[in-house]
Amino acid sequence: MSNMQIELPKDAFSRVNTSSKESELITRPGITFWADARRRLMKNKVAMLGLAIIIIITMLAIFAPVFSEYTYTKQDLANTNAPPSREHPFGTDSHGRDLWVRVWVGARVSLAVGIFGSIIPGLIGIVIGGISGYFGGKVDMIIMRFIDIVMCVPNMIYIILITIYIGTGPAALVVAFALTGWMGTARSVRGMILQLKEQEFVLASRTLGASPANLIFQHLIPNTLGIVVVSMTMGVPSAIFQEAFLSFIGLGIQPPVPSWGQLANLGISVFRIYPSQLLIPAALISITMLSFNLFGDGLRDALDPKLRM
Amino acid sequence: MRERILEIKDLFFSFDTYAGEVHAVRGVSLYVNKGETLAIVGESGCGKSVTIQNVMKLIPTPPGRLKGGKIYYCGEDITNYTQKQMQKLRGKEMSMIFQDPMTSLNPTMRIGRQIAEGILKHEKISRAEAKDRTIQMLGKVGISNPEKSYKRYPHQFSGGMRQRVMIAMALVCNPKILFADEPTTALDVTTQAQILELINQLKEELGTSVVIITHDLGVVARTAERIAVMYAGKVVETGIARDIFYNPKHPYTSGLLESMPSGGSSKTLTSIPGIPPDLFAPPKGCSFAPRCKYCMKICQEIMPDLIEVENQHSVSCWLMHPQAPKHELPGRKSRVNAQNIREGV
Amino acid sequence: MADHLLEVKGLKKYFRLGKNQVLHAVDDVSFYIDEGKTFGLVGESGCGKTTVGRTIIRLYDADDGQVLFDSMDVHKLKGKEYKQLTSKMQMIFQDPYASLDPRKTVGAIIGEGLKIHKLCKTKQEYTERIYELLEIVGLSREHASRFPHEFSGGQRQRVGIARALAVNPKFIVCDEAISALDVSIQAQIINLLVELQEKFKLTYLFIAHDLNVVRHISDDTAVMYLGKIIEKAETGELFDNPVHPYTTGLLAAAPEADPDYEKSRPHMLMSGEVPSPINPAPVCRFASRCPYARPRCMEAEPELKNIGNNHYVACFQAQEGWI
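Protein chains in written order, with our numbering: chain D, 533 to 841; chain H, 143 to 487; chain F, 256 to 578.
Since the hints were made in silico from the structure, they are not lab data. Check before you lean on any hint, since a few could be wrong.
So the derived label-pair ranges between C-beta atoms look like this [said to hold, decoys possible]: (1) H/409 to F/400: 42 to 48 Å; (2) D/548 to F/474: 38 to 44 Å; (3) H/222 to F/474: 57 to 63 Å; (4) H/269 to D/815: 53 to 59 Å; (5) D/584 to H/230: 33 to 39 Å; (6) D/548 to H/144: 47 to 53 Å.
Okay, derived cross-link-like pairs now, DSSO-like style, lysine-lysine, Cα gap no bigger than 30 Å in a straight line [unchecked claim]: (7) D/729 to F/425; (8) D/729 to F/331; (9) F/264 to D/729; (10) H/409 to F/518; (11) H/409 to F/331; (12) H/230 to H/151; (13) D/729 to F/333.
For each residue, glycine too, the CB sits at the ideal point set by N, CA and C.
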């Protein structure tokens with residue numbers, strides 16, 4: 533029995549004026565690209581776990597040494613190589629220094645070098661990649677060939693040479709990373725910009741009379757932020773590891789300022805007898821790197837427009 | 143009554159998204175007779191592709207969700223078939239071709255092998271036999287030099303040629319029904335004409351039923367025997383081609399036909415104001431009401447049922463109610479002599 | 256004061272694809288458009304019509320020939336003069352999903368031209384002008400703070416139109432501006448374009464592959480094939496009396512929304528496919544597919560000639576009345 537056969541009141545068929553304005557309404561709640569990405573990211577449990585660990589470690593790095601009575605240099609030669617206890621949660625090293633404090637001060641150094649050692653080269657990479665991609669032609673060719681040639685030699689060698697020249701210490705390391713780490717980002721940004729350059733919205737701006745600077749900074753680079761943010765996030769574990777490696781071989785952060793790599797270096801000489809002195813910094817390096825990688829992965833998925841729902 | 147190859151009854155299908163449920167298909171009923179071409183027409187978002195993809199069960203669930211309705215293939219209820227059961231049907235009983243041939247062609251595999259493997263999956267014949275049949279099919283779809291082309295890769299063909307390869311792949315096992323989802327939308331006019339002619343020819347030769355999904359009314363006029371017009375997830379009108387074009391009964395169909403340029407003198411086209419509703423929040427009552435110039439009070443309250451008003455001509459509109467005011471909805475005017483029209487069906 | 260608002264003379268645009276491979280995208284194209292008129296340019300993919308449009312507004316540099324806008328040579332302008340020109344010649348693009356910067360609000364997109372050309376003196380004036388433009392194209396003020404992905408295809412095209420109008424252009428190239436839209440939305444946008452043309456005395460170059468739409472909106476029409484104009488006439492004349500075999504083939508292939516007519520008409524299919532536009536031989540480019548081809552068609556290139564009534568054809572047979 534269809535509803536077409538039911539008897540209806542007469543006024544059911546009275547004419548109604550329909551306004552077209554109503555029909556152009558957007559009913560779905562507005563959501564910006566970043567808000568949508570954030571929502572997707574928060575749903576990714578593994579990425580959130582990574583982020584949580586990063587936050588915990590950062591908090592400990594900032595606050596743990598503050599709340600302790602020990603400093604990273606205070607020696608207590610009567611109490612060397614002690615195992616973990618309530619007094620010294622991570623034990624002491626061969627000079628009687630509290631390892632808990634040393635690890636967390638070291639964390640400050642390693643994290644700072646890692647984060648700045650990724651952001652600064654990232655920014656340099658954006659600008660150079662942007663210029664290369666936008667102008668194309670000879671400029672692009674020169675820059676890309678330069679990158680190709682320079683990247684033939686492993687990064688480490690440049691960094692070691694640079695630190696020999698400008699000295700060691702956290703600032704010097706960041707400078708060394710900045711000078712060598714921009715090339716990967718430059719390449720990916722340049723690639724994206726080559727693609728974006730031909731997109732109609734860029735052509736439209738050119739048609740409106742926008743200047744190259746306008747185009748690069750207002751349209752092209754903002755649309756590459758997705759991959760840049762991911763690239764920078766993934767660059768942190770790489771920088772942390774590089775610092776750890778350099779300090780481990782004695783070239784990076786010099787004592788008495790601790791860093792995880794340096795602590796691992798000190799720990800190795802007593803590894804057979806007191807394994808925790810190596811294992812603790814090594815474990816922290818690994819966990820931190822893993823957390824940044826997991827978070828970066830989740831970030832990449834969240835920012836991928838193709839996965840939008 | 144002709145045999146119904148495919149019948150869909152009251153299909154309801156939704157997608158679960160971040161913003162809530164998107165009611166993509168809201169009670170679709172239609173059928174395809176054996177050996178005929180049915181065109182499903184509608185604009186983007188009306189649910190025509192989703193409906194047919196449901197028949198082939200190509201939509202991942204989640205986020206898709208079948209909420210109700212039945213699908214019958216040759217009389218058999220396939221609504222709840224598993225993917226394994228569907229794999230036996232796909233390619234052998236029912237096939238699909240898409241707008242972009244690159245979605246069904248593996249770019250790293252030679253086309254001949256792709257097609258031959260399809261045959262071998264469904265039929266127990268030798269490799270050599272499969273190859274022969276493939277080459278034969280390639281010739282049938284108009285690929286020049288089929289033996290040589292057997293060994294080529296998809297990227298070595300032009301857009302029109304790739305479409306032919308896709309058609310060959312779809313029809314090589316002689317399925318009973320072919321679904322063509324916007325098969326010529328991405329092609330040039332002249333290539334489109336060739337492909338439509340090819341589909342028609344093969345259909346006659348092999349006796350395949352064809353469902354063609356499109357938004358192009360010209361393509362519909364050229365190929366379809368029967369037409370189903372969809373809007374906002376529902377079928378609003380179905381009928382034979384002549385009835386739909388010259389004597390439409392639903393205001394949306396009429397509006398669509400009127401908005402096409404027809405070489406008249408006035409520079410203003412009669413367009414349908416507004417945009418289709420967002421199926422995230424479908425309106426109460428008839429979904430076309432906000433844009434309809436005949437809108438009545440009842441239209442905003444209750445969704446009208448799809449009922450048959452003439453032979454094979456069904457409409458879902460309150461104007462069909464015996465108590466409703468009578469309106470003559472404008473349709474297309476044929477170039478062909480009016481005399482001939484009256485002499486026809 | 257120029258005779259014609261836009262004059263294209265012998266325009267050529269080639270793309271070099273590697274050693275000795277030159278793609279003749281636009282090969283010696285000439286036509287003119289008078290102020291307030293619409294010129295339709297049709298052809299299938301690869302014929303060069305989009306390249307013509309982009310070269311005219313100097314998104315591409317021309318390899319040869321001239322584009323004269325208001326008697327000024329578009330490709331020779333520099334600096335300030337060039338910048339002024341960009342506000343007079345605008346373009347509406349095909350893909351509503353790629354023609355708006357996804358990171359900017361609709362208001363910012365429309366206002367970009369206002370900022371570049373410093374057309375508004377105060378922030379208030381700027382905001383008011385954006386609201387005004389939104390309403391002119393049939394959208395509303397609330398839409399200014401929304402992002403492109405929240406809109407439908409038709410609405411995005413309206414934003415694109417508003418963006419072009421913001422700088423008060425005289426001439427707009429509509430590059431397949433409605434091809435990606437649904438039929439009922441196409442009608443809305445066509446009506447809008449016609450309305451705006453009357454209101455603001457605009458001149459259009461309408462590039463499309465849909466013959467029916469071009470017929471409806473253009474005053475004059477040209478058909479392109481492989482980089483050349485092969486037929487050109489006043490619209491009614493072209494569609495009622497097509498002469499070039501390609502044009503007749505095109506019209507025969509295009510399906511019409513008329514089932515009786517479709518079922519009764521003979522299906523004349525054009526054979527083969529479009530040959531490559533790379534290094535074309537100096538012969539008639541349609542000869543390989545032409546049912547009327549004669550030996551001389553494979554020996555030289557026919558020029559575009561007036562066969563009467565301002566109806567131009569590039570075909571030896573047609574020029575001599577054999578077709």
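Status of the hints after comparison with the structure:
no. : hint                       : result
1   : H/409 to F/400: 42 to 48 Å : violated, 34 Å
2   : D/548 to F/474: 38 to 44 Å : holds, 40 Å
3   : H/222 to F/474: 57 to 63 Å : holds, 59 Å
4   : H/269 to D/815: 53 to 59 Å : holds, 57 Å
5   : D/584 to H/230: 33 to 39 Å : violated, 48 Å
6   : D/548 to H/144: 47 to 53 Å : violated, 41 Å
7   : D/729 to F/425             : holds, 26 Å
8   : D/729 to F/331             : holds, 24 Å
9   : F/264 to D/729             : holds, 29 Å
10  : H/409 to F/518             : holds, 29 Å
11  : H/409 to F/331             : violated, 37 Å
12  : H/230 to H/151             : holds, 23 Å
13  : D/729 to F/333             : holds, 22 Å
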